[in-house]
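Asker: What follows is each chain in one-letter form.
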Amino acid sequence: MIQPFTPEPIRFVAEDGTPVQPLPERYTPEVLRDLHRLMLQAREFDRKLITLLRQGRTTFYAQSSGMEATQVGLARSIRVGHDWVWPYYRDHTLGLAMGVPMAELISQCLGTNSDSCRGRQMPHHFAAQRQNFVSISSSIASQVPPAAGNAMAQKYLGVDEITVCTFGDGATSEGDWHAGMNMAGAAQAPALFVCENNQWAISTSIREQTASETIHIKAKAYGMPGYYVDGNDIIAVMEVCGYAAEQVRSGHGPALVECLTYRVGSHSNADADAEKHYRTREEVDAWLARDPITRLENLLAHLGHPVTAEDRAAMIAQTHREVDEQVLAAEATGQPDWRIMFEDVYADLPDHLRQQEAFLRAEQTGGRA
Amino acid sequence: MTATQTRPEAAPMTTGRTINLIQAVTEAIAEEMERDQRVVLFGEDVGARGGVFMATAGLQERFGKNRVFDTPLSEASIVGAAVGMAVRGLRPIAEIQFADYMGPGFDQIISQAAKIRYRSGGQFTAPMVIRTPSGGGVKGGHHHSQSPESYYTHTPGLKVVMPSTPYDAKGLLKAALRGEDPVIYFEPKRLYRAAKGEVPDHDYVVKLGEAAIRREGSDLSLIGYGGVMPDLEKAAGALAAEGVSVEVIDLRSLVPWDRDRVLTSVQKTGRAVLVSEAPRISNFMGEVAYVIQEQAFDYLTAPVGQVAGFDTPYPYVQDKVYLPGANRIVAACVQALNY
Numbered sequence: 001m002i003q004p005f006t007p008e009p010i011r012f013v014a015e016d017g018t019p020v021q022p023l024p025e026r027y028t029p030e031v032l033r034d035l036h037r038l039m040l041q042a043r044e045f046d047r048k049l050i051t052l053l054r055q056g057r058t059t060f061y062a063q064s065s066g067m068e069a070t071q072v073g074l075a076r077s078i079r080v081g082h083d084w085v086w087p088y089y090r091d092h093t094l095g096l097a098m099g100v101p102m103a104e105l106i107s108q109c110l111g112t113n114s115d116s117c118r119g120r121q122m123p124h125h126f127a128a129q130r131q132n133f134v135s136i137s138s139s140i141a142s143q144v145p146p147a148a149g150n151a152m153a154q155k156y157l158g159v160d161e162i163t164v165c166t167f168g169d170g171a172t173s174e175g176d177w178h179a180g181m182n183m184a185g186a187a188q189a190p191a192l193f194v195c196e197n198n199q200w201a202i203s204t205s206i207r208e209q210t211a212s213e214t215i216h217i218k219a220k221a222y223g224m225p226g227y228y229v230d231g232n233d234i235i236a237v238m239e240v241c242g243y244a245a246e247q248v249r250s251g252h253g254p255a256l257v258e259c260l261t262y263r264v265g266s267h268s269n270a271d272a273d274a275e276k277h278y279r280t281r282e283e284v285d286a287w288l289a290r291d292p293i294t295r296l297e298n299l300l301a302h303l304g305h306p307v308t309a310e311d312r313a314a315m316i317a318q319t320h321r322e323v324d325e326q327v328l329a330a331e332a333t334g335q336p337d338w339r340i341m342f343e344d345v346y347a348d349l350p351d352h353l354r355q356q357e358a359f360l361r362a363e364q365t366g367g368r369a
Numbered sequence: 370m371t372a373t374q375t376r377p378e379a380a381p382m383t384t385g386r387t388i389n390l391i392q393a394v395t396e397a398i399a400e401e402m403e404r405d406q407r408v409v410l411f412g413e414d415v416g417a418r419g420g421v422f423m424a425t426a427g428l429q430e431r432f433g434k435n436r437v438f439d440t441p442l443s444e445a446s447i448v449g450a451a452v453g454m455a456v457r458g459l460r461p462i463a464e465i466q467f468a469d470y471m472g473p474g475f476d477q478i479i480s481q482a483a484k485i486r487y488r489s490g491g492q493f494t495a496p497m498v499i500r501t502p503s504g505g506g507v508k509g510g511h512h513h514s515q516s517p518e519s520y521y522t523h524t525p526g527l528k529v530v531m532p533s534t535p536y537d538a539k540g541l542l543k544a545a546l547r548g549e550d551p552v553i554y555f556e557p558k559r560l561y562r563a564a565k566g567e568v569p570d571h572d573y574v575v576k577l578g579e580a581a582i583r584r585e586g587s588d589l590s591l592i593g594y595g596g597v598m599p600d601l602e603k604a605a606g607a608l609a610a611e612g613v614s615v616e617v618i619d620l621r622s623l624v625p626w627d628r629d630r631v632l633t634s635v636q637k638t639g640r641a642v643l644v645s646e647a648p649r650i651s652n653f654m655g656e657v658a659y660v661i662q663e664q665a666f667d668y669l670t671a672p673v674g675q676v677a678g679f680d681t682p683y684p685y686v687q688d689k690v691y692l693p694g695a696n697r698i699v700a701a702c703v704q705a706l707n708y
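Those protein sequences? They're chains A and B, same order as listed.
Counting along the first sequence from 1, when you hit position 2 you're at 2 in the working numbering, and nothing is skipped either side.
Count along the second sequence from 1, then add 369; that gives the number in the working numbering.
These are calculated hints, taken from the structure and not from any lab test.
Hints may be right or wrong, so weigh each one.
Stated by the list, open to error - Which bits of chain A does chain B cover? Going by a derived footprint, with three or more residues having C-beta under 8 Å, they are: (1) 117-123; (2) 146-154; (3) 338-346.
We put the beta carbon where it would ideally sit given N, CA and C, even for glycine.
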């Protein structure tokens, strides 16, 4: 039985890999190895995309290194393609773990013709219809009221889906966060809110963000359970999110889960050297020592199924190869041309857009098309 | 100068009933809820109370609390929830009690509703209607009287409409609900009970983007929308008594708007006066004026005239002075005629 409102984050595995409470049977070595593979893949995806960014082949990237247990664990707690997800802009690991093809994520980052979002959003703002992974808005917390509405629609339709809504700690200061949480609570909608508390909103620390001791206790004010979990312990994340998701699904109303984790990298390319400006190297080092991938490796070693250096190197090489291939494949499809500007503004093409399209066509083609 | 006449489309002659504008809104909602289970209606006090203007009276009783319900007092979550419901496959009608209170929902409108189709490459869409009473003339002071439509006409991805007759109110709302895009549907509150007219007994829609010619004329095109329309007709009547033939056009729909009908009219009359009650700077009519001078410059015999609200907050005591009114409209027409 998972309890809400615990004073300390719920944890199953200590940093050295020792279980602090009995692990449920479903965490077989094969399952743990699969989780490890996904987390390592996401970590290396970050590294490769940062390289692409430095090469000028993409223009924005928000890494989730250090947060893999939270995002992979959440993905493994829901019914992918059945449940709906309103994510935030640092959720590529969630997307990957939900089975959004790497090709789609990379195409979106590069804005190529292979991008299913048609090159209209800045990089790292994905949308994947097949996974019900709803298009990401940069406007912080603006996904929260729609997630409440998505869940209200599910309740109205009488389906057994839930809606998952993710956000960072900074989002919890926004009015829309309050509005959405309150709406979901009042409507008793099947929504699972997950705060990926990585303790930094660009350069603003959680201590400057709120005087509230934690995020999860805010759930109380919305009439829903608030769970507090060690977001770097993937088993704890899966146990808590899995439990909360099924409670939500079975008609108990919405829930909030706070995953306490850490953004070990910078916010984006806008603040490439965070430690120089607003946080200490010591703080980052302390969190690197609590790294979620290392913790899972320690657990596997403890269970007698260690990840060898060769295994690790092979998985890393495999991800690098895959990213390289997908980047080349995406780039080979070319960049969308001016025509995509006028599509999907509306379902139809109103006269004023038709005229503006004609103007741009003449300008761009020199009257040849 | 020819005598004025009324075209059939201005007041469709049917065997229907005479109702007021607010009844037209209620009927449109009820009929669409009847034909489409995906349509749900919510907002502040829309349920048992039936809305502060009674636009949703009786609907909760008829369709149940699942489909017609009151929400927390939060415009951001009303609009935002509508976006989420629409994305998940419903056809929500979100009522914002007064257009003056759309502010907290503004980001949901411009960042989510307006852009989700575009930014997702059409993978996710938000077909929804936000209904809200707007405009002055009810002694409401600035927080119950404003005309914020230009904020929304300035945001690609939104459609913006404002009826002035019961026929259009019903037909436009039905069309909006059957469309695939988010529509901001402004209801001119001072016409709620003042505007009466016939609606047919059969099902019909008024297509978005088509203006209506309320009165044909040859000397001047008088163009408006929403709450000012009765004043335009009154002004045209006064000018007709002086032998001036004024063509009165009701835009009905601002995005998209009917450039063809407006330009055809101005090319015929050579003069245009544009009327709205919204403040003048960045008023939507500025776009109409721009298109007229761009596309019909050679036809103009006078500068395009504009009667708008003043660039002050909407006043309380001077409510009637602030609004354009027939006299100010006549004066603007005379200025154009004497140019």
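Asker: Which earlier hints can't be squared with this structure?
Answerer: Failing hints: none at all.
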